[in-house]
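There are 2 protein chains.
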Amino acid sequence: MLPEEVLRNAQAALWDLDGSGVGILEHSHRSKEFLRVLERTERLVREVGGIDDSYAVLFVTAGATHHFAMVPGSFLGAGDTADYCHTGVWSAKAIEEAKRCGAVHVACTGDPAFTATPSTFQWSAAPRYVHYTSNETIYGTEWQTPPPAPAPLVCDASSDIFSRPLVLANHALIYAGAQKNLGPSGISLVIAKRDFIERGRADLPPLAQYRTYAKEQSMHNTPNTFGVYIIGEVCAWILAQGGLPAMGERNARKAKLLYDFLDSSKVWRGHAEPASRSLMNVTFRGTKELEEALLARAEQRGLANLRGHRSVGGLRASIYNAFPEDGVHRLVQLLDDVERGRP
Amino acid sequence: MLPEEVLRNAQAALWDLDGSGVGILEHSHRSKEFLRVLERTERLVREVGGIDDSYAVLFVTAGATHHFAMVPGSFLGAGDTADYCHTGVWSAKAIEEAKRCGAVHVACTGDPAFTATPSTFQWSAAPRYVHYTSNETIYGTEWQTPPPAPAPLVCDASSDIFSRPLVLANHALIYAGAQKNLGPSGISLVIAKRDFIERGRADLPPLAQYRTYAKEQSMHNTPNTFGVYIIGEVCAWILAQGGLPAMGERNARKAKLLYDFLDSSKVWRGHAEPASRSLMNVTFRGTKELEEALLARAEQRGLANLRGHRSVGGLRASIYNAFPEDGVHRLVQLLDDVERGRP
Numbered sequence: 001m002l003p004e005e006v007l008r009n010a011q012a013a014l015w016d017l018d019g020s021g022v023g024i025l026e027h028s029h030r031s032k033e034f035l036r037v038l039e040r041t042e043r044l045v046r047e048v049g050g051i052d053d054s055y056a057v058l059f060v061t062a063g064a065t066h067h068f069a070m071v072p073g074s075f076l077g078a079g080d081t082a083d084y085c086h087t088g089v090w091s092a093k094a095i096e097e098a099k100r101c102g103a104v105h106v107a108c109t110g111d112p113a114f115t116a117t118p119s120t121f122q123w124s125a126a127p128r129y130v131h132y133t134s135n136e137t138i139y140g141t142e143w144q145t146p147p148p149a150p151a152p153l154v155c156d157a158s159s160d161i162f163s164r165p166l167v168l169a170n171h172a173l174i175y176a177g178a179q180k181n182l183g184p185s186g187i188s189l190v191i192a193k194r195d196f197i198e199r200g201r202a203d204l205p206p207l208a209q210y211r212t213y214a215k216e217q218s219m220h221n222t223p224n225t226f227g228v229y230i231i232g233e234v235c236a237w238i239l240a241q242g243g244l245p246a247m248g249e250r251n252a253r254k255a256k257l258l259y260d261f262l263d264s265s266k267v268w269r270g271h272a273e274p275a276s277r278s279l280m281n282v283t284f285r286g287t288k289e290l291e292e293a294l295l296a297r298a299e300q301r302g303l304a305n306l307r308g309h310r311s312v313g314g315l316r317a318s319i320y321n322a323f324p325e326d327g328v329h330r331l332v333q334l335l336d337d338v339e340r341g342r343p
Numbered sequence: 001m002l003p004e005e006v007l008r009n010a011q012a013a014l015w016d017l018d019g020s021g022v023g024i025l026e027h028s029h030r031s032k033e034f035l036r037v038l039e040r041t042e043r044l045v046r047e048v049g050g051i052d053d054s055y056a057v058l059f060v061t062a063g064a065t066h067h068f069a070m071v072p073g074s075f076l077g078a079g080d081t082a083d084y085c086h087t088g089v090w091s092a093k094a095i096e097e098a099k100r101c102g103a104v105h106v107a108c109t110g111d112p113a114f115t116a117t118p119s120t121f122q123w124s125a126a127p128r129y130v131h132y133t134s135n136e137t138i139y140g141t142e143w144q145t146p147p148p149a150p151a152p153l154v155c156d157a158s159s160d161i162f163s164r165p166l167v168l169a170n171h172a173l174i175y176a177g178a179q180k181n182l183g184p185s186g187i188s189l190v191i192a193k194r195d196f197i198e199r200g201r202a203d204l205p206p207l208a209q210y211r212t213y214a215k216e217q218s219m220h221n222t223p224n225t226f227g228v229y230i231i232g233e234v235c236a237w238i239l240a241q242g243g244l245p246a247m248g249e250r251n252a253r254k255a256k257l258l259y260d261f262l263d264s265s266k267v268w269r270g271h272a273e274p275a276s277r278s279l280m281n282v283t284f285r286g287t288k289e290l291e292e293a294l295l296a297r298a299e300q301r302g303l304a305n306l307r308g309h310r311s312v313g314g315l316r317a318s319i320y321n322a323f324p325e326d327g328v329h330r331l332v333q334l335l336d337d338v339e340r341g342r343p
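Going down the list, the sequences are from chains B and U. So for the first sequence, the numbering used here puts the first residue at 1; every next one is plus one. So for the second sequence, the numbering used here puts the first residue at 1; every next one is plus one.
Do not take every clue at face value.
Pairs involving identical chains hold if they fit within one copy or between any two copies, as the list cannot separate such chains.
[What the hints assert, rightly or not] Listed next, the in silico DSSO-like pairs over lysine-lysine satisfying Cα-Cα at most 30 Å (straight line):
1. Lys93 - Lys32
2. Lys99 - Lys215
3. Lys288 - Lys32
4. Lys256 - Lys288
5. Lys99 - Lys266
6. Lys288 - Lys215
The set of hints was computed from the structure by calculation and includes no laboratory data. Just so it is clear, the structure is predicted and the values come from calculations on it, not from any experiment.
This is chain B alone, in the form it adopts within the complex (with noise of 0.2 Å):
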């Protein structure tokens, strides 16, 4: 979901970009109503996270599985060995593709039932960088904090970025695709320590080093234009309501609104242990026929997506930063009405 000021916002700028008779979709990007897009994209996304000079902010044609591949390509190289947290789907993917281009130590894992992020570490002894992901869709589990790495950490924040204040401190990089929290899909964001980028491989091609975006501040060959605009526009949307203290804020109200309604039913539970879960996806299981009874009340009280992903069943509610406060007390109604036999 994306805030209705957003889409209305948008529908102005398809057919002209802040007054210039033309819109976002067909400006250059070289020309200077997008190059002003993009400058203000930055700024608020800094503005936003509270990010530093020390860090570029790069907007990538792509979304988080191709970071997947190119954050090994670039950083683990012949005789490293990276860290890996294991806590899901998502992680078991970047997994895979770090084991392509060198040596990956699986240093925590959730395994097997992902039901807590872990809390006891092994790691090699002298890891390139700890890789994690923040927080797991399919599981419905979060860092409460980062993993306490020995080494730089990278991190995919796919599903939870901005929707609490930003941890930067021990962080080298964070990518984002943009999809869940931040705007469109095909474009993502990645957050990353100069000094880290300028220690990646650089004999690769231009757009599979980092260094190239934050040398051309995204502009070697033309980017996601809609999208770096959306991602500006849901940066000031933020803003506007109060920044990340009070999206964190909103956003654990919301949640647990759920997390308690589940922890006081006889016949719902979550699948998160409470101590993991997350602020973005509850996860939680009835019997199967209370589960059924649920999905086909649904759609009627406005209420979508609430099928668990096909790998893990069950159901999942998915709050974004964007997901109303009013939808979740929708949910806990028709949540408690399937339980009691109400209509």
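Got chain B sorted already, so can you dock chain U onto it with the hints?
Below, chain U without anything else, positioned relative to chain B:
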């Protein structure tokens, strides 16, 4: 530029896609609503291009620059040679990336002035493929027919795709960044022979292999859903105009207006030789003073982006599919007014 109908439809779809009550940016890429969009866009691309099922139609979240590296990464192995046709700035970039992967033989060149597409060829003994750039935006030259190659053709058609009837014969793979004639930036269309795709390397990351896109209908990861939607709308618009034969006639008519004027002018002269003239990018020069006079007056006549690429200077009119005939008339009028010193 995009057709006004496409922009109006896109504005509506941002808010509510096909009466679903949810916008195109907000639907999951696995939702039935988006799957319908994807299926429709592929069907319309096939209808517009006359593309049968021996070719896969792929949507890649990337621009053409990405394919400069992805094509040789997949198809130019150790011991292979690929032949490249060198016609300007874009082909040079493609050649540079291919050299990273294997042996590149430049089979023909428009060096040094790039006023024409080559007419003499020195093919290597057994090229794995032959790469050419169908239209060179910077010099304003366009292949009138594909190069007579002794191997499967790979074409960068970013700047003239769907501007005239598509020639598929002898082509193994055609790629096109969408932002000139097809839609927004941040997505590319690939039309590739299924058997050629299968001959690519299979040990690369999934997103670096065309076969992944072919096998998973461009859904290995979240595609640029908005881009897929817009490409479908643009294809529907092309069909409503009469399809590619009508687009080709219309584009030829538009370009002829401008070239006929340049040929008759005493002060303006076209860059490209008549037999290699682009229907998409008309490059020309006057004196420095006349060029500046024209640029200074263009905006008040509703004409923009007439400055030639910074690498070659001069002037350039980019008259892609959606550029209206009326705009060409206004440009000719302005050129004539400047030539004759009329206000």
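Going down the list of hints, with the structure as the test:
Taking the shortest Cα distances, Lys93 and Lys32 sit within 30 Å of each other only across copies (25 Å), while inside one copy they are farther apart (39 Å). Proximity of Lys99 to Lys215 under the C-alpha cut-off of 30 Å is found in both arrangements, the shortest distances being 28 Å within a copy and 23 Å between copies. For the homomeric pair Lys288 and Lys32, the shortest alpha-carbon distance between copies (23 Å) is at most 30 Å, but the shortest distance inside one copy (57 Å) is not. Proximity of Lys256 and Lys288 under a CA criterion of 30 Å is satisfied intra-copy only: 24 Å inside one chain copy versus 68 Å between copies.
In this assembly of identical chains, the alpha carbons of Lys99 and Lys266 never lie at most 30 Å apart, being 44 Å within a copy and 65 Å across copies at closest. Taking identical chains as interchangeable, the C-alpha atoms of Lys288 and Lys215 are never at most 30 Å apart, the minima being 53 Å within one chain and 33 Å between chains.
Consistency with the previously given hints fails for numbers 5, 6, ordered from lowest to highest.
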